[in-house]
Structures are given as structure tokens and as C-alpha cells.
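Colleague: Here is what each chain is made of, one letter per residue.
Protein chains: 2
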Amino acid sequence: MSLIVQKYGGKSLADADKIRQVSRRIATAREQGNQVVVVVSAMGGSTDGLIQLAGQITDSPDSREMDVLLSTGELVSCALVVMALQTLGEKAISLSGFQAGIRTDTGHRKAKIASIASDRVKQELDKGNIVVIAGFQGITDSMDITTLGRGGSDTTAVALAAQLEAVRCEIYTDVDGIYTANPKFAPKARRLNEIEYDEMLELASYGAKMEPRSIEIAMHYGVPVLIASSLTEGPGTLIHRGADMTTPSKRTVGELRQHVRSIAVDKNVAEIAVLGINDRPGIAAAIFEPLAEANVSVDIIVSSSGSEGTTDFSFTVKEDDLKSALKIVEPVAKEIGCRSVSGSTGLAKISIVGTGMQDAPGYAAKMFRALSKANINIDVITTSEIRITCLVDENKVEEAVRVLHDTFELDKVK
Amino acid sequence: MSLIVQKYGGKSLADADKIRQVSRRIATAREQGNQVVVVVSAMGGSTDGLIQLAGQITDSPDSREMDVLLSTGELVSCALVVMALQTLGEKAISLSGFQAGIRTDTGHRKAKIASIASDRVKQELDKGNIVVIAGFQGITDSMDITTLGRGGSDTTAVALAAQLEAVRCEIYTDVDGIYTANPKFAPKARRLNEIEYDEMLELASYGAKMEPRSIEIAMHYGVPVLIASSLTEGPGTLIHRGADMTTPSKRTVGELRQHVRSIAVDKNVAEIAVLGINDRPGIAAAIFEPLAEANVSVDIIVSSSGSEGTTDFSFTVKEDDLKSALKIVEPVAKEIGCRSVSGSTGLAKISIVGTGMQDAPGYAAKMFRALSKANINIDVITTSEIRITCLVDENKVEEAVRVLHDTFELDKVK
Numbered sequence: 053m054s055l056i057v058q059k060y061g062g063k064s065l066a067d068a069d070k071i072r073q074v075s076r077r078i079a080t081a082r083e084q085g086n087q088v089v090v091v092v093s094a095m096g097g098s099t100d101g102l103i104q105l106a107g108q109i110t111d112s113p114d115s116r117e118m119d120v121l122l123s124t125g126e127l128v129s130c131a132l133v134v135m136a137l138q139t140l141g142e143k144a145i146s147l148s149g150f151q152a153g154i155r156t157d158t159g160h161r162k163a164k165i166a167s168i169a170s171d172r173v174k175q176e177l178d179k180g181n182i183v184v185i186a187g188f189q190g191i192t193d194s195m196d197i198t199t200l201g202r203g204g205s206d207t208t209a210v211a212l213a214a215q216l217e218a219v220r221c222e223i224y225t226d227v228d229g230i231y232t233a234n235p236k237f238a239p240k241a242r243r244l245n246e247i248e249y250d251e252m253l254e255l256a257s258y259g260a261k262m263e264p265r266s267i268e269i270a271m272h273y274g275v276p277v278l279i280a281s282s283l284t285e286g287p288g289t290l291i292h293r294g295a296d297m298t299t300p301s302k303r304t305v306g307e308l309r310q311h312v313r314s315i316a317v318d319k320n321v322a323e324i325a326v327l328g329i330n331d332r333p334g335i336a337a338a339i340f341e342p343l344a345e346a347n348v349s350v351d352i353i354v355s356s357s358g359s360e361g362t363t364d365f366s367f368t369v370k371e372d373d374l375k376s377a378l379k380i381v382e383p384v385a386k387e388i389g390c391r392s393v394s395g396s397t398g399l400a401k402i403s404i405v406g407t408g409m410q411d412a413p414g415y416a417a418k419m420f421r422a423l424s425k426a427n428i429n430i431d432v433i434t435t436s437e438i439r440i441t442c443l444v445d446e447n448k449v450e451e452a453v454r455v456l457h458d459t460f461e462l463d464k465v466k
Numbered sequence: 053m054s055l056i057v058q059k060y061g062g063k064s065l066a067d068a069d070k071i072r073q074v075s076r077r078i079a080t081a082r083e084q085g086n087q088v089v090v091v092v093s094a095m096g097g098s099t100d101g102l103i104q105l106a107g108q109i110t111d112s113p114d115s116r117e118m119d120v121l122l123s124t125g126e127l128v129s130c131a132l133v134v135m136a137l138q139t140l141g142e143k144a145i146s147l148s149g150f151q152a153g154i155r156t157d158t159g160h161r162k163a164k165i166a167s168i169a170s171d172r173v174k175q176e177l178d179k180g181n182i183v184v185i186a187g188f189q190g191i192t193d194s195m196d197i198t199t200l201g202r203g204g205s206d207t208t209a210v211a212l213a214a215q216l217e218a219v220r221c222e223i224y225t226d227v228d229g230i231y232t233a234n235p236k237f238a239p240k241a242r243r244l245n246e247i248e249y250d251e252m253l254e255l256a257s258y259g260a261k262m263e264p265r266s267i268e269i270a271m272h273y274g275v276p277v278l279i280a281s282s283l284t285e286g287p288g289t290l291i292h293r294g295a296d297m298t299t300p301s302k303r304t305v306g307e308l309r310q311h312v313r314s315i316a317v318d319k320n321v322a323e324i325a326v327l328g329i330n331d332r333p334g335i336a337a338a339i340f341e342p343l344a345e346a347n348v349s350v351d352i353i354v355s356s357s358g359s360e361g362t363t364d365f366s367f368t369v370k371e372d373d374l375k376s377a378l379k380i381v382e383p384v385a386k387e388i389g390c391r392s393v394s395g396s397t398g399l400a401k402i403s404i405v406g407t408g409m410q411d412a413p414g415y416a417a418k419m420f421r422a423l424s425k426a427n428i429n430i431d432v433i434t435t436s437e438i439r440i441t442c443l444v445d446e447n448k449v450e451e452a453v454r455v456l457h458d459t460f461e462l463d464k465v466k
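From first to last, the protein sequence lines stand for chains A and B.
Residue numbering for the first sequence follows the working numbering, starting at 53 and increasing by one per position.
Residue numbering for the second sequence follows the working numbering, starting at 53 and increasing by one per position.
Hints in this document: simulated from the structure, not taken from any laboratory.
All values reported here derive from a predicted model rather than from experimental measurement.
One should not assume that every hint holds.
To be verified - Keeping only pairs whose Cα atoms sit at most 20 angstroms apart, straight-line, the calculated DMTMM-like set for lysine to aspartate or glutamate is:
id : chain 1 : residue 1 : chain 2 : residue 2
1  : A       : Lys379    : A       : Glu345
2  : A       : Lys70     : A       : Asp100
3  : A       : Lys386    : A       : Asp331
4  : B       : Lys70     : B       : Asp226
5  : B       : Lys143    : B       : Asp228
6  : B       : Lys261    : B       : Asp100
7  : B       : Lys319    : B       : Glu450
8  : A       : Lys261    : A       : Asp111
9  : B       : Lys174    : A       : Asp193
10 : A       : Lys261    : A       : Asp193
11 : B       : Lys174    : B       : Glu217
12 : A       : Lys143    : B       : Asp196
13 : A       : Lys370    : A       : Asp458
14 : B       : Lys236    : B       : Asp458
15 : B       : Lys70     : B       : Glu142
16 : A       : Lys375    : A       : Glu345
17 : B       : Lys179    : B       : Asp226
18 : A       : Lys174    : B       : Asp228
19 : A       : Lys70     : B       : Asp111
20 : B       : Lys179    : A       : Glu345
21 : A       : Lys448    : A       : Asp431
22 : B       : Lys143    : A       : Asp331
23 : A       : Lys179    : B       : Asp193
24 : A       : Lys240    : A       : Asp458
25 : A       : Lys174    : B       : Asp226
26 : B       : Lys70     : A       : Asp111
27 : A       : Lys143    : B       : Asp111
28 : A       : Lys179    : B       : Asp196
Whole structure, please, built from the sequences with the hints as guidance.
Modeller: Written out as C-alpha cells, the structure is:
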């Protein structure tokens with residue numbers, strides 16, 4: 053009997069009807085002869101309700117208590133999904149993160165899974181139960197409740213699939229797969245049947261909805277992940293190791309030759325420029341160490357020679373983090389005696405991603421030429437082996453997606 | 053430093069303002085130099101909301117899953133109370149039933165506390181924390197979440213007070229104490245400064261709002277329990293052992309002489325009559341054993357000789373239980389060959405309670421005379437050492453309360 057892990061997000065569980073619909077899908081997987089572990093998020097909107105409640109009490113809630121509060125959302129949905137499964141005649145049982153043995157570090161509100169003691173889950177599967185587990189939560193060694201932060205239920209699902217050696221982790225959501233680009237920007241965008249882990253990791257880091265953390269875990273343990281819609285019966289997109297012998301590739305010969313796989317966009321970007329630094333060793337560390345300590349992640353960093361032998365730095369942060377980043381950088385900049393510090397918004401990152409790019413030159417030139425022809429200025433450029441990213445004006449980014457989608461003919465399965 | 057356990061009900065925690073108000077009261081107790089453990093119920097109305105949610109999925113929810121669902125309500129309120137305490141500058145931490153070490157039997161939805169492993173609670177108190185614990189819930193030996201059933205948070209509070217050897221358990225609610233009668237029925241009703249455990253136990257069993265189980269635990273361990281309002285600063289009513297040397301009685305000399313302490317009313321009553329039984333040994337067992345197995349509690353039982361050498365039985369059950377009780381009794385009655393079985397509603401129990409009654413005769417006669425004078429028929433009578441109960445017409449019971457309150461002059465501190 054094969055073991056499948058399924059994960060359902062909050063929008064798929066927003067009311068009793070949707071819970072019933074999800075339960076029918078789970079029951080089908082069970083009746084096809086699989087063992088099924090289900091990971092659920094909180095019912096759509098319920099987490100916001102809890103955050104609002106806390107907001108009525110305090111502006112700066114304690115993160116440990118916030119985790120106690122937020123963890124209740126997933127408990128509610130896992131109990132309700134089990135009830136719905138039981139009305140369909142299925143044997144099912146709910147488990148909290150704690151009961152499912154999900155141990156985390158102590159980083160409240162952004163905890164990381166440290167280990168999974170899956171004895172109870174296995175026991176319940178052996179009894180013939182569908183096991184429905186509260187996602188997004190775990191427990192520390194000292195028995196305190198934690199939550200995993202954004203995208204945490206995906207991480208729970210993938211980590212459980214890895215631990216239980218599931219044949220597949222199926223992530224059901226409100227989109228029906230991974231596309232060549234956001235269909236809202238590029239009407240000709242096309243769903244991909246499959247994508248490789250490293251491609252997906254770049255997409256996730258550069259704008260796609262999934263959290264990179266869950267892709268990293270899937271990649272590390274080789275868990276095939278299917279992204280599909282909870283509302284339709286479409287085939288979705290399978291994220292897997294391209295050359296994995298145990299998971300036969302569904303990629304057509306044409307797809308194998310297609311070197312750009314998908315275009316990602318991230319509008320949550322701000323740029324900080326630190327100008328006129330009298331360069332000496334340790335300057336970069338002086339700026340970036342306090343940012344790292346404050347958990348502000350810095351993305352594109354560009355350093356260039358300024359006037360009169362000084363150096364300029366510019367780097368991007370999440371737009372949400374701009375205020376707190378400036379608060380950290382400004383005193384440091386003063387101390388090291390630089391000319392000016394400024395923050396700017398209204399920017400977006402556009403990336404082309406594809407494993408095929410690493411052994412075929414000319415993609416960057418083709419990308420820059422296409423954007424320039426469309427009068428779209430490129431602010432900064434950064435690349436990985438399988439990705440090229442340009443920072444452009446936020447107002448131009450949707451046009452840029454269309455231009456690049458056409459340039460690389462992503463609507464065609466070549 | 054004295055340890056106090058406080059318990060707040062759902063109505064006292066119904067919104068952010070009330071939670072802030074409760075927190076100020078808790079902070080005051082802490083600042084007076086006490087260690088404070090707080091037990092909270094779910095926010096008013098939230099439990100009903102969860103029950104409704106389950107009702108949209110199924111008519112007969114699994115009791116284990118219902119416990120998972122319902123236990124979330126108390127987690128929400130304990131996290132919010134801690135946040136409110138922290139805004140007041142207090143050190144506080146929330147604990148779930150599981151984290152507080154509250155172990156129960158496996159009786160889902162009506163579990164009984166089996167033991168309390170209070171190490172974590174003591175650790176947190178030692179760290180200077182106010183410890184806010186989710187009431188009404190516990191965990192079984194196999195780590196399944198249970199709820200304690202009606203009045204469960206009171207039981208949590210009293211059991212914790214006993215285990216932690218608290219000087220007092222304070223139960224804050226929407227009434228400001230125990231009265232000589234329900235003030236809605238008897239306008240002259242008067243709050244009692246104190247009452248003895250066994251009196252309170254009779255009142256609780258015969259109509260007062262508290263669950264007998266929590267009084268039993270308090271009595272067994274000698275925990276003084278204060279019932280008071282969460283909204284006002286009134287002194288409340290202290291439930292304690294009258295002759296307890298360690299808790300000096302606040303009872304005035306006048307109150308000591310007052311033999312009827314309070315009048316209790318219970319309208320949740322139905323009567324089942326089994327008539328014309330050919331009496332032989334084992335008949336009573338044949339009727340009452342299956343009721344006990346079905347968890348239907350039977351209260352007043354009267355057996356009398358019927359016509360032609362047969363026997364009649366009548367007994368009361370909770371009105372809520374009438375339907376299920378009849379379903380059990382009817383086939384049994386058929387089997388033992390009785391003439392008829394019938395159920396009737398529209399009844400109420402009225403009881404006078406007082407420890408002073410046990411060594412002073414004449415109370416029963418005085419009660420019956422007063423009711424008869426007011427043209428109130430007594431259906432059945434039952435007594436304990438410190439209680440006399442009459443079954444009367446439900447429509448007459450409020451008048452009966454007024455009559456008896458006057459007869460025994462309960463408005464006066466004699």
C-alpha cells in the first residue's frame with residue numbers, strides 16, 4: 053500500500069461545504085488503496101480573526117502566546133475534516149502538531165522543524181485511519197507550542213512525507229499548478245506538467261507562492277511534490293528531481309529542450325543605497341551583520357566605485373522590512389562616515405528560471421535586449437546558474453513579463 | 053507567599069474589554085504579594101460557535117474530535133489573558149490542560165481528572181509568573197485531548213487548588229455569591245457571606261449553578277472556595293468547612309442559629325411512572341441498571357403499593373434525559389409485565405437546605421404547611437439529613453420560593 057501525504061490550504065477549507073468537498077477528495081485517495089496522511093491549514097480567514105483579537109488586547113503580543121493563539125486555527129480545521137470524513141464512512145483521526153510528534157526549535161512564530169517522532173502517526177495508519185494533522189505547528193523540547201511561520205503547513209506536509217517515506221506529497225491550493233508566468237500578467241501563460249526542484253526553489257524565492265523552505269526539504273529528501281487545485285480535477289504540476297530514476301519523467305522531449313521554464317515576479321522589493329563610503333576592510337560586515345541579527349534578509353547586493361575614491365553600496369530588502377532596515381543601517385552609516393543613506397520603493401524583480409540555461413549561453417543578452425527594445429530600464433542585474441534577475445520599475449513589470457514570455461516562446465511546448 | 057487560584061467564566065471573558073478588566077483583577081491579587089494561578093473558560097459564546105461549526109458538518113460528531121474542537125476555546129482565552137497581563141507589566145504564561153499536567157480518564161466530553169502533574173506549573177510560579185491555565189480540558193495517558201463536561205473549568209480550578217495546596221480557590225462569575233434563594237423569584241433574597249461544603253453540595257445538586265463535582269473535590273481536600281462577581285468588588289460567598297480551625301468562620305452568631313440556609317430550585321425535571329408491577333426481587337435493579345449504564349441519572353425514587361398486590365414505581369430524571377430514559381425503561385417494563393409506563397414534564401424541585409436542620413425537628417412540617425396554605429400541591433417528597441425537597445407544579449415553583457423564603461425568614465440575619 054502506498055502512502056500519500058495531502059495538504060489543504062485555508063481557502064480550500066473556508067466553510068462546511070468546502071470541508072465536505074476536500075473530504076471527498078481525501079476519501080477517494082484512500083479508496084484507491086492508499087494510506088493517507090492529511091495536513092490542514094486553519095480555515096480561511098480564521099487566522100486573521102485571531103490576529104485581530106490579539107490586536108484588540110495589545111500592539112506587541114508576546115510571540116509565545118501568539119503561537120498558542122494561532123495554533124488553535126489548525127486544530128479546529130483538523131477536527132472538522134475528520135468529522136466530515138467520518139460522515140463518509142471513513143476511519144479517521146485528528147492529531148495536533150504535538151501529537152504528531154513534530155518537534156521544533158524555540159523560534160516562536162518562525163520555528164523550524166527539528167525532528168518528527170512519527171510513532172503515533174504510524175500507529176494510527178496501521179489501525180486503518182486516515183490521519184489528519186494540524187499543519188503550521190509543533191512543540192519544543194520543553195513542551196511549548198510553536199508555529200512555523202509563513203507557508204508552515206506546506207513545510208509540515210513535505211517534512212512528514214519525507215519522514216514517512218511517502219511516495220508523494222500533494223499540495224492542494226487555489227491555483228492548479230505552476231505556470232510559465234503569472235497568467236494575470238501573461239495571458240498566454242501555460243501550466244507546466246513538471247518542474248525540477250532547483251527551478252522551483254528559484255521560482256519560490258523569486259515570487260512564486262510556495263515557501264522555499266518546503267522545497268528545500270523536498271529536494272533534500274527527494275520527495276516528489278504535486279501542486280494542484282483543490283477545486284478542479286486537473287493534473288497539476290509535479291516538482292521532482294528531473295533525472296530521478298524512480299520517478300519517471302513526464303517531460304516531453306520538447307520540454308527537455310526548453311531552457312527557460314518560467315518567469316517569476318516579486319513586487320515586495322525596496323532598495324537601500326549607501327553612498328560615498330571611505331572604503332576599508334570590514335565595511336560590508338559592519339552594514340550587513342546587524343541586519344542579519346535583526347532577521348532582515350538582504351537580497352541583491354551591488355558594490356561600485358563612487359567619486360573621489362569612495363565606494364557605493366546598494367542592496368534590496370523586502371518592502372515590508374524597509375523601515376526596520378533603515379533604522380539599523382542609518383546609525384551604522386553615520387559611524388563609518390558615509391555621504392548618504394536612502395531607501396526607495398516602487399521596484400520589482402523579474403526573473404527567468406530554467407535548468408537548461410546553465411549550459412547554454414546567450415539568455416542574459418536576449419533578456420536585456422528584449423527589455424531594452426520595450427523601453428524598460430534595468431536597474432540592477434543578478435544571476436544564479438539557472439536564473440537571471442533584473443530589478444525594474446514596478447509599473448513596467450507586467451509588461452516585462454509579457455515581453456519575456458513572448459521572447460522565449462513559453463506558450464509553446466517546443 | 054500565599055498561593056491563590058482564580059477562575060474566570062466565559063461571560064467574564066466575552067470581549068477584549070472584559071479580558072482587560074479581568075486582568076486588572078488578577079494583577080491586583082499578584083501585587084498584593086500572592087502567587088496566582090488563573091483558570092479560564094472559553095470566551096462567552098465561542099463554544100457555541102464551535103458546536104455550530106461541527107453541526108454544519110455532522111449531526112453526530114465523534115466525541116474525541118469534538119473534544120479537540122472544543123478545547124481550542126480555552127486556549128484562545130488563556131493566550132489573550134496572558135497578553136493583557138503583560139500589557140499591565142506582569143510576568144505571565146499560558147498553559148494548556150496538557151502542559152499543566154492535567155491527566156484525565158478517557159471519557160471524552162465528560163472526562164474526570166485522574167491526577168495533576170504540577171511540576172511545570174510550580175516551575176513557572178517559581179520564575180515569578182502568573183500562570184494562566186486553560187480550564188475544562190485535560191489529556192489521557194495516550195495523549196488524547198479530553199474535555200471535562202459541564203462546569204469543567206470550576207473542577208479544573210478546584211482540583212489545581214487542592215493539588216497546589218492553595219489557600220483559596222476564587223471562582224469569579226456573573227453572580228456575586230450564593231443567595232438564600234434566586235433573587236429573580238424571591239426579591240428579598242439575601243447574599244450569604246459563607247456556606248458549608250455539604251450545604252453547597254446539596255444546593256449545587258438541587259439547582260444552584262455550580263457543578264457538584266467541583267464542590268465534592270473542594271470538600272474532600274478542604275479547599276476554601278470563594279464565589280464572587282468578576283464585575284463588582286463585593287465580598288462574595290465563602291464555601292468552607294464550618295468547623296475548620298484553619299479557616300476562621302466569618303459566620304455571625306445569628307447566622308449560626310439560622311437553620312435553613314438557602315432555597316434551591318431545579319426546573320430541569322421530568323417524572324417517569326411505572327405502574328402495576330407484579331413485585332418480585334430484582335425488579336428495581338432491572339429498571340435502574342440499564343439507566344445507569346446509559347449514564348441517565350435518576351433522582352427521586354418512590355415505590356408504593358398499587359392495586360391488587362402490585363407495586364408502583366415513580367422516579368425523576370432530568371427533563372433533557374426523558375426521551376432516552378423512556379426508550380430504555382419501556383422494553384424493560386414490558387419484559388417484567390407491568391401495566392403502564394408514562395413520562396410527565398412540567399414539574400420542578402424546590403429544596404430547603406441547611407446543616408442546622410439535622411438536629412432540629414419540625415422543618416418538614418413547617419414547609420408542607422406553608423406550601424399547602426398557598427395552595428401548592430406537593431407531588432413527591434424526599435429528604436437528606438440537611439435537605440427537604442418537594443416536587444411541585446413548575447408554574448407554582450416561583451411562588452413557592454417566595455412563600456418559603458418568608459416562612460423561614462431568610463431575609464433576616466437572625
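Colleague: Of all the hints given earlier, name the ones this structure violates by number, lowest first.
Modeller: Violated hints (numbers, rising): 5, 8, 10, 13, 17, 18, 20, 22, 25; every other hint is consistent with the structure.
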